[in-house]
Amino acid sequence: MTKVVERKPLSALERTYLPSVVSGLQVTWKHFKKTLLEGKPVTMEYPEERWVVPDGYRGAPYLVKDQDNNTKCVSCQLCEFVCPPKAIKITPPGPDGQKADRTNAEKMPEDFEINMLRCIFCGFCQEVCPEEAIFLQRDYSLTGGSREEMVYHKDKLLQLGGVHAGAQKWKHKLEEAKEQEEFPVAKI
Amino acid sequence: MDALKFLDPTIQFVLFSAVKILIAFGVVMTFVAYAVLVERKVSAWIQDRVGPNRATPFFARYIPILGPALVRLGLFQPMADGLKFLLKEDFTPAHARAIYFWLAPAISVIPALMTIAVIPFGSTLGNPDNPMVIADLNVGILYTFGIVSLGVYGIVLAGYASNSKFPFLGGIRSSAQMISYEIAMGMSVISVFMVVGDLNLSRVVAYQETSVFQWMIWKQPVAFVVFLIAAFAETNRLPFDLPESESELVGGYHTEYSSMKFALFFLGEYAAMIGASAMMVTLFLGGWALPWGGGPATGILGGLAHILCFIVKMGALLLLFIWTRWMLPRFRYDQLMTLGWNRFIPIALANILATALVLAFTTR
Chain C
1 MTKVVERKPL SALERTYLPS VVSGLQVTWK HFKKTLLEGK PVTMEYPEER
51 WVVPDGYRGA PYLVKDQDNN TKCVSCQLCE FVCPPKAIKI TPPGPDGQKA
101 DRTNAEKMPE DFEINMLRCI FCGFCQEVCP EEAIFLQRDY SLTGGSREEM
151 VYHKDKLLQL GGVHAGAQKW KHKLEEAKEQ EEFPVAKI
Chain L
1001 MDALKFLDPT IQFVLFSAVK ILIAFGVVMT FVAYAVLVER KVSAWIQDRV
1051 GPNRATPFFA RYIPILGPAL VRLGLFQPMA DGLKFLLKED FTPAHARAIY
1101 FWLAPAISVI PALMTIAVIP FGSTLGNPDN PMVIADLNVG ILYTFGIVSL
1151 GVYGIVLAGY ASNSKFPFLG GIRSSAQMIS YEIAMGMSVI SVFMVVGDLN
1201 LSRVVAYQET SVFQWMIWKQ PVAFVVFLIA AFAETNRLPF DLPESESELV
1251 GGYHTEYSSM KFALFFLGEY AAMIGASAMM VTLFLGGWAL PWGGGPATGI
1301 LGGLAHILCF IVKMGALLLL FIWTRWMLPR FRYDQLMTLG WNRFIPIALA
1351 NILATALVLA FTTR
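Chains as they are written, first to last, in the numbering used here: chain C, 1 to 188; chain L, 1001 to 1364.
Read the hints as simulated data drawn from the structure, not as lab findings. From the three backbone atoms N, C-alpha and C, an ideal C-beta is built for every residue, glycine too. There could be a bad hint or two in this list.
As the list claims (entries may be wrong) - Estimated spans, in silico, between C-beta atoms of each pair:
#: 1; chain 1: L; residue 1: Gln1047; chain 2: C; residue 2: Glu49; range: 15 to 23 Å
#: 2; chain 1: C; residue 1: Lys8; chain 2: L; residue 2: Arg1054; range: 43 to 51 Å
#: 3; chain 1: C; residue 1: Val27; chain 2: L; residue 2: Ala1316; range: 18 to 26 Å
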């Protein structure tokens, strides 16, 4: 069903533009008064005032540690493969390299670089990670004085990422396994 | 001052005029700079924003208490803007006609400044032989109209010299608009001069100086409204900023201009606004006269009070110019022309006729 909008011809008063001038005056005066006297501009003066980043915001990806302060990343390089702009570069430890600092992991990366100039904050790395070791966090404004400075290395990523508060997948599995061993089997 | 009295009267006149010109020029330039700031601040407040509040010169932190407040008000912004305009690259496009391109900004700014010359911005500073007007012309208003209509040539020339589409359209619109509103403007003031009986602007002020009820705005309200709206059109202010119209013509006649040449157009626009406000104050709002009347000042203090009064009235009109900018959307080209030719010119003519009839029956 079409709705026909009635367009009335302007009255003689309206054609003098006076009503619109008056209503324009009212509107602008209202805003002027509100901003100047009540001091409520909509502007957020950025460096001094910042917005509250909501939960689930997809900011910069950082590496996280588990509750025991160990590296969660096992250097599987899935994130490196999935990364669309190729921002991630992982240096694996190699056969004789450093062992992982936690149980249930064979290795941890020697270096883990994210080039924050390339990163598009897509979240694929977080999605693909089998170890839940990388998460997009709240930082949205990354600055640096040079290109080198904008490549974040493992130490910096771990430090910025903090401790992951969520489930520890392998610790849970370990406990399960221990329970299996001590499972009281009925003697026949 | 006494030492000057021994000088030749001609030299005295030249000296006083030079001083008055320098001071008036300086004041107008300061006004232009701060009118831009007021425009930006008022616009910001009307649009729920904060406006410029960051320009902090090195000496600002040595001003106790007031310093941060002045920075918040953006009081140092005009300095930063001026410096910025001076330091920007002055670019002349290859396709522009260079001579006219260079000439146009000057032509648009000079007439705007020259209109100030005939405006009595104060009574005297004690000496009755030395009125506070740069040139006390007998045909003051004719001079103003002659000069103001030159302003359009700068814009038209800029549109032509830029040799690209947007400036060209801006120039065309400007010529049509300014010429048609000039007629309405000129006709609206005729009735004022019929009442006063003199073309000299000082005499117009003298007619109004006795009290606030003598101001022309009460005797000629129609002329005031027509003059006000025509002044909006003459100075290219919204809702009649068709030559400039940023949203459709990308800045219109000054699209191709940069740096100091653009600054000159900018300055010219605001100087024209100030000139138009000063003219309106002189013609309709009693000029330098205080609201409770009183003739020309006898001392320096009284003279300064008159000048201050003039500036306050002018400032109020400038605020009106700025406020209106956010009130009404831009008129369409044909609406603008209809308004000018079909409404204001007949209204102004009818006003002249009515004034003539009233004068004929009352002054016998």
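Determine which of the earlier numbered hints do not hold for this structure and return their numbers in increasing order.
The structure breaks none of the hints.
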